[in-house]
Amino acid sequence: MTGRIRVVIATTEGPSTVLRVTAEDPAVRSVVCLGRTTTTLPISRAYDAFVRAPTGVVERAVGHPSFRVDVSAPIDDGDSWQLGLYLAHRLKAAGRLAEDDEPADKTVWVTGAVDGDLAVHPVERVSEKWRRSEGWLAESGVDLLMVLPSGQAGALGDLPGGAEVVEAGTVGAVLARLGIERSSTPRRARRWPFLAALVGIVGVALGVFAWLNQQPSPIERPASSAPPPVAALPIFDPAQVRLVTLERRPVGGSCAGEQRTELVEPGRETPPGVCGLVVQAINGDATGGFVWLIAVVEGTFREYSGNAKSFDIAVGSFAPGETVEVRVASPSWVRRPVVFRVLLVVSGGDREDVSRALAGAETLSTNDFDRLAEQLIELGLDVRTVRHRVQPRA
Amino acid sequence: MTGRWNDLGPDDRALVEASFVALETTALIGTEASAGAMPSPSALWAHVTGVAVTPRTELAAALLRHPDLRVTLAGMLARVSIASGPRVAAAATGQRVRERSGDGFRLRLLPARGAPDQTWIMIALDTPNPAPTRLTVLPPDGVPETASLEAPVDGGVQLLAETDSALVRALSDPTALVFLL
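If you're matching them up, the sequences are chains A and B in order.
Here the working numbering is used: position 199 in the first sequence is 199, and no number is missing along the way.
Here the working numbering is used: position 9 in the second sequence is 9, and no number is missing along the way.
With the rest of the complex left out, here is chain B:
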C-alpha cells in the first residue's frame, strides 16, 4: 500500500487496522508478552498518530532493546507526516547543522538575540495547507523529540526553545530525521 495516512479513506484505514491486527498476532505468536517485549505495531502506530502516547521512558527502553524499532518508527512517522526531512550531509563527523530542508519545508535554527541561551526554530512551509501541528525529530539514538506547533502565519511557523534542549540538539544533529505532523 502506498500513500499517506491523511489521504486514506475509511476503507483504506480499516485495511490498515486489519493489517496491524495481523502483524500484532504474528508478533504475539513469535514473542512472549513479557516486560522486555517490543511494542506492538498498533501501539507504535497509536503513539505516532497521537491517539495513545507511549510513556517516554517505555519508548526509550524499547528503542534501546530493539534497535530495529527505530526503523519501524521512522517509517510510520514518514507515512503519517505532512512533510519530512532526511538526514543532512555534514562536512565532518559531529558537525552541527543550523539549517535543513525536506519534502515540503525548510527549517532554520537562529540564535535568539534576546536571550543567548535560546534558539528560534523557524519553519517555512511550501504549502500552508494542511498545516502541521507537531514537529517530531528522530535522532539516531534516544527518543523522538516532539513540540507542538502554532498555526502558520504567511507560510511560516516559529517556536522558541532553549539552545541546550533535547529538541534543538536533535534538530542540529545532521543524522536526525525531521517530521512535520
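Chain A on its own, in the form it takes in the complex:
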C-alpha cells in the first residue's frame, strides 16, 4: 500500500481523527491536544510514557522524544488509542500521514493497545466504538481499513462497501499492511576522537572570544537561502536519529578502574556513584546527514578542572546506521549532585553557521546554552537537549 493515510482512533464517544503530529522541543513532555487548541487531553501523561524511551516505544522507532498530537475529538482514558497513535507516528516519519485537510488515499479506523515489544493487545468495548463510528463511516465514503487486535473483528457490524479488516497480533503486521518498513537498527558504535579534538581546539580559540562577550553570538543565517537541488536524492529525516544516554559506573569501587555502562532515562534520578556519561546519536535513517553532538558538565569548576574531561563534542557527516558518541566525566571531587547537559543538532548537510555557533559551547553558561539551543531551533534545525543530574560519589 502506498499513498497518504488518515488515522481515525475509535473511541466510545465516537471517532477521533489524528489531525497533526508535530515534533516538539525535547524539553516538553509529549501531549495530546484537542483540535489545535491549548486544551490537553487527560491521556497526555500516559501518551508521554508511551513516547519517551526507554519505556516508550515511539522514540525508539522514530528517534525523537517529544511530540504533540492534535486530535479532532476527546480521548479520555484507557489505552486503546496506543495502536492508532503509534501508526500515526510511523506514517508521519514515513511522510505518509494525511494531516489537516490533506487528501487521503485511505483512512485507517483503528483500536488496540500496544506493549513494549510492539505486540497488539485486545481492548474493551469494541462493538460500542463501532456503533459510535458507524454513522460517520457510512457518510464519509472513504476507502477504509479497519485495524483491530486479533480475534476482535467479530464485534464489528455491517461494514461499508469496500472496507477491509485487519486483525493484528503485532504492530509489524499492520505496518507491513500499510507498506511501512520496520525501524532500522544501529549497526556499530564509532568514536571520532580526531575530529572531536580538532573541533575542540578550534572551540577553545573561539571560546575565549565567546567568554569575553559573555553571550552566545547570534547565529547568522546562511547568506544564500536557496538549498542545492535535491529533488532526485532521498532526503535525510532527522526524526530517525535516536539519542541514547548511558551512565558510566565503576565495576569495582572506584572510577579509576574498569567501568560499565547503563542505559538511563534522562532526567530520572539514579543511584549515586556515576563516573560519567556516554551519549550516543544513532542514525536510523537510510540516508546520511550531518551531526553536532555536545555533552558538558554544568558548573564553574569547568574553569579549573584541568585534565578532567568535562566537555566533549563530535561533529561530522552522519552515515546511515552510524553511531556518534561523546563522553564526559563526573568531577570526582564534587560531593553534591552535578548536571550534565547534552545538545544534539542534526541536519541534511554541514552548516557553517551551526559549527560557528557551537564552537564556543565549552565556555557557555547554562542560560547561554539554553539560549543557543533556542536559536538553533528557530533556524528550523532538529535540536534535542538532555538534562541529566547525577550524584558522582557513592
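Hints may be right or wrong, so weigh each one.
What the hints assert, rightly or not - Sample of chain A residues with no beta-carbon within 12 Å of chain B, all distances over it, derived:
| hint | residue |
| --- | --- |
| 1 | A27 |
| 2 | R29 |
| 3 | A49 |
| 4 | E134 |
| 5 | G141 |
| 6 | V166 |
| 7 | I180 |
| 8 | G316 |
| 9 | D370 |
| 10 | I377 |
Said to hold, decoys possible - So, partial list: chain A residues that the calculated Cβ filter (under 7 Å) puts toward chain B:
| hint | residue |
| --- | --- |
| 11 | E24 |
| 12 | D25 |
| 13 | V28 |
| 14 | R36 |
| 15 | T38 |
| 16 | R68 |
| 17 | G267 |
| 18 | T270 |
What the hints assert, rightly or not - Restraint-style ranges between C-beta atoms, simulated for each label pair:
| hint | chain 1 | residue 1 | chain 2 | residue 2 | range |
| --- | --- | --- | --- | --- | --- |
| 19 | B | N6 | A | A119 | 46 to 54 Å |
| 20 | B | H66 | A | R389 | 40 to 48 Å |
| 21 | A | R4 | B | A166 | 35 to 43 Å |
| 22 | A | G162 | B | D117 | 36 to 44 Å |
| 23 | A | S72 | B | S148 | 50 to 58 Å |
| 24 | A | A163 | B | V153 | 36 to 44 Å |
The set of hints was computed from the structure by calculation and includes no laboratory data.
Glycine residues also receive a C-beta, built at the ideal position from the N, C-alpha and C atoms.
Once you have looked at the hints, place chain B on chain A.
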C-alpha cells in the same frame, strides 16, 4: 511575624486572623465603606489564598483606584507562595523575556512548534514538594493572571497557552512578579 503561611501552625494562623480583624477595623474607621473603598486586608487575603476570590473586574477597579494595593497584594502573594520570582533585569525598556528564575524555580517560555500562536510555559522546580497548584503573575499594571498547574512530573510542570494571552504577556514582561502557590 516572619515565615510562610503554609508553615504556620493553628495558633499562628489565629494570630494572623486577629491581625486582619484589627487592620480591617482600622481601615473602616479611616475610610467610609463606599463603592470606591479599598478592599479590606482580609478580603485581599481571602482572594490570595483562594478562599474567596474577588471578581476580576472588582479587583481591577480597586488596583486602578488604589495603586498602593498592588504592593500589599504582592506582599501577600509572596507570603503565601511556595516560590516566587522577582522582576527581571531587561536590557532595554519594553524588552520581552523568555526566561526567568526565582527562589525555588526556573520558568521558560518556549514557542510551540505544533501551533505558532501558542507558547509552552515550562516550570522547573528545585524541589517538587510541596507541589504548587497555581501560577500567578502580577504585572506592573492590570490584574494578576492565574493559571492552574498540574502535578509536577520529574520536577517539572508545563502548560500550554495562547501566545497573546494575558498570562503569557505578563510572564514575558520583565517588570512582572511571578508566584507559585
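Ascending list of hint numbers which this structure does not respect: Failing hints, ascending: 1, 2, 3, 9, 10, 18 and 23.
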